[in-house]
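Peer 1: Chain by chain, the residues:
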Amino acid sequence: MTRILVVDDEVETCDLLKRYLTKKGYQTFTALSGEDAVNIVKEERPHIVLLDIRMPGMGGIEALKKIKEIDREIGVVMITAVKEEETAKEILKLGADDYITKPMDLKYLDNVLMVKIAMMTG
Amino acid sequence: MDTPKILVVDDEENVRIMLKTFFTRKGYRVETAASGDEALKTIKGNAFDVALVDIMMPGMDGITLTKKIKDLSEDLPIIIMTAHPDRDYVLSALREGVFDFKQKPIALEELYYAVREAIHKVRLIRENKSLIEELRDMTANLYKLLAEKSGDLIKEKNRLEAMIEGMNEAVIFCDENDTIVDMNKYALNLFKVKREDRIGKNLYLHHKKETHPKIKHVLDTFKNNKDKNYMEWDAHIADRWFNLRFSAVRDDSNKYQGTIANFIDITEKKLLQSQMAKAEKLASIGGLTAGITHEILNPLNIISGNVQMKLMEKDIREDDRKIYENIQRQVERIVNIVDGLLRFSKQREPKMEEVDVNALIEKTLSLLDYQLKLQNIIIEKELDKSIPLIIADSDQLEQVLMIILINARDALNERELKGESDGHWMKKILITTRGNMPAYVQISIADTGIGIPTDIISKIFDPFFTTKPEKEGTGLGLSIAHGIIEGHGGKIDVRSEVEKGTKFTILLPCVYGTKN
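Sequences listed follow chains A and B, in order. First residue of the first sequence? That's 1 in the numbering used here, and the numbers climb one at a time after it. First residue of the second sequence? That's 1 in the numbering used here, and the numbers climb one at a time after it.
Calculated from the structure, these hints are not laboratory results. A couple of the hints might just be wrong.
[Unchecked claim] Only some residues are given here: those of chain B computed to face chain A with a beta carbon under 10 Å:
id	residue
1	ILE79
2	ALA83
3	HIS212
4	ILE215
5	THR293
6	ILE302
7	ILE316
8	GLU318
9	VAL338
10	LEU342
11	GLY423
12	HIS424
13	MET426
14	LEU430
In this text, all values refer to a predicted model and were calculated from it rather than measured experimentally. Where is the CB? At the ideal position from N, CA and C, for every residue including glycine.
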């Protein structure tokens with residue numbers, strides 16, 4: 001089963017995504033901070049991490065770097081606010097594999113995940 | 001007073017001795033001469049106070065001698081001594097300016113008094129002469145000094161006048177009676193008045209009713225309050241902003257003598273201040289907005305996610321489904337507004353580099369190419385190849401071009417929808433670039449769309465102003481475009497006629513001297 005880690009400082013966002021992803025058949029973990037995320041990545045080795053860019057403490061960008069240090073193969077999809085093109089470009093430059101904007105279109109998220117997983121296994 | 005000196009002229013030796021002895025005893029200095037010639041010789045080298053002359057001498061006669069003595073020493077009193085006074089002779093002698101005459105044999109005491117008188121008189125005359133001389137010298141010196149000082153004063157006056165006339169601010173003097181003493185050139189120009197219409201006239205004669213009380217207040221304050229000497233405020237004069245300064249002039253005993261007013265043009269400064277205030281506000285709004293949008297987006301995300309999950313349920317009732325879809329649409333609307341706000345608040349400092357405007361236009365058109373072709377919009381280009389490079393942020397400029405082209409597209413579509421009775425209408429956009437102004441490159445984008453009514457055209461650059469239905473536009477596009485162009489130091493302008501079309505003209509400063 002594919003493992004996905006959802007990282008967002010909002011509990012309800014994490015819950016929502018966990019509900020959806022579990023329904024879709026993924027094994028879903030959640031983390032409420034960058035530090036927690038890094039720990040869970042070390043322990044559970046998820047295939048993909050959905051990472052919110054704006055978090056207090058260790059922010060999304062730093063968490064991204066740390067996760068990539070642990071395992072470059074892990075797919076990291078950043079969650080950003082609306083259609084910020086400049087930020088998006090920067091995110092990709094920093095090593096994120098993709099990005100998705102809030103509020104999320106769940107069907108779109110599904111497609112992104114499927115493509116990523118296909119690329120990883122194929 | 002030095003001892004008076006007497007000259008005795010007589011051919012008889014005993015007379016000479018007698019007179020010399022007598023007058024020496026009286027305390028005078030005496031010199032003698034035995035003839036007219038000797039007398040003249042003696043007078044040449046000496047200053048005598050009086051001459052006693054015997055007119056009956058061999059050689060020169062008395063009258064001639066008198067004349068000659070007068071030639072040598074004009075003011076020397078002559079007392080003639082004669083044994084036989086010939087009345088006519090005496091008269092002639094007196095006419096020649098002889099002081100007195102004494103008959104021989106000389107009554108010494110009488111002679112003495114005459115001599116005393118003569119000396120007194122001659123001394124007075126001489127003193128008078130010397131005083132006049134001194135006075136003349138002093139006066140000449142004074143005049144010279146005065147002329148010098150006047151020259152200096154005039155130079156100083158001219159220098160000060162030149163300074164005041166040359167000042168790039170209005171200077172107005174009025175005296176203690178509120179009479180205008182002077183106005184400099186700048187002031188006369190500012191108020192569009194002639195010198196002769198104001199100088200010497202009362203200050204309030206030509207004042208507008210609105211300004212009268214304010215000025216009066218200042219002057220009254222200065223007059224009544226010895227400690228108040230300065231007031232200032234800003235005012236609007238002839239469409240520009242001025243800083244007005246009033247200074248009281250007082251004499252040594254602190255008495256009010258008048259007021260000097262300075263008016264300095266601060267229009268640019270005020271503009272800069274308001275621009276800076278705007279930029280600061282924007283910056284703080286920007287920071288605020290980023291935070292707030294995130295706060296809004298998180299709950300929106302959760303609402304949207306939950307609604308989406310509900311919509312995925314297979315056994316959902318039709319009316320429930322409609323409700324959830326409605327909620328989704330509303331969420332979409334909020335997202336658009338937040339998105340627009342975020343973009344608006346992100347009007348950052350442009351990242352400047354050399355930009356080829358024509359190339360940028362081509363690039364932007366290529367991005368819209370498919371869409372424009374699909375909608376049958378004709379693009380005409382008149383791009384001047386000789387325009388210089390400009391300094392600009394190419395991403396931001398591209399954004400501006402996009403915004404205007406999208407607006408043009410929408411205007412054309414709107415007009416097309418209305419239907420054209422006139423079969424000649426062409427659905428087109430004309431883009432031109434020109435570089436014939438020395439410091440600017442001009443871009444214009446003109447469409448044959450529906451046009452902008454005159455009552456709203458002044459608002460189109462206002463943020464959130466839009467004529468489009470809510471779900472289509474946030475009204476921020478043109479205000480962003482305006483902000484970007486202004487941030488580049490350029491200008492954006494619009495001309496439009498309803499049912500004819502709209503033309504946007506952009507001016508951007510160019511790099512001087514660089515050609516493509």
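Peer 1: None of the hints should be skipped; say for each whether it holds.
Peer 2: Verification of the hints:
Interface restraint check for ILE79 of chain B: the shortest CB-CB distance to chain A comes to about 126 Å, outside 10 Å, so the restraint is violated. A cut of 10 Å between beta carbons decides the hint on ALA83 of chain B: the least distance to chain A is about 140 Å, and the hint is violated. The restraint placing HIS212 of chain B at the interface with chain A is violated, with a minimum CB-CB distance near 58 Å, outside the 10 Å limit. Violation of the interface hint for ILE215 of chain B is found here, the shortest Cβ-Cβ separation to chain A being roughly 56 Å, above the 10 Å cut-off.
Interface hint status for THR293 of chain B: upheld, as the beta-carbon distance to the closest one in chain A is roughly 6 Å, under 10 Å. Taking 10 Å as the C-beta contact cut-off toward chain A, the hint placing ILE302 of chain B at the interface holds, the least distance being around 5 Å. Given hint, ILE316 of chain B at the interface with chain A, is violated; its Cβ is 15 Å from that chain's nearest Cβ, farther than 10 Å. The interface hint given for GLU318 of chain B is broken, as the beta carbon of that residue sits about 21 Å from the closest beta carbon of chain A, more than 10 Å.
A least Cβ separation of about 6 Å between VAL338 of chain B and chain A falls short of the 10 Å threshold, and the interface hint therefore holds. Given hint, LEU342 of chain B at the interface with chain A, holds; its Cβ is 6 Å from that chain's nearest Cβ, closer than 10 Å. For GLY423 of chain B, the shortest C-beta to C-beta distance to chain A is roughly 41 Å, which exceeds 10 Å, and the interface hint is violated. Violation of the interface hint for HIS424 of chain B is found here, the shortest Cβ-Cβ separation to chain A being roughly 40 Å, above the 10 Å cut-off.
Restraint check, MET426 of chain B versus chain A: the minimum CB separation of about 34 Å is more than 10 Å; hint violated. Because the smallest distance between the Cβ of LEU430 of chain B and any Cβ of chain A comes to about 29 Å, over 10 Å, the interface hint for this residue is violated.
Comparing the model with each earlier hint shows violations of hints 1, 2, 3, 4, 7, 8, 11, 12, 13, 14; every other hint is respected.
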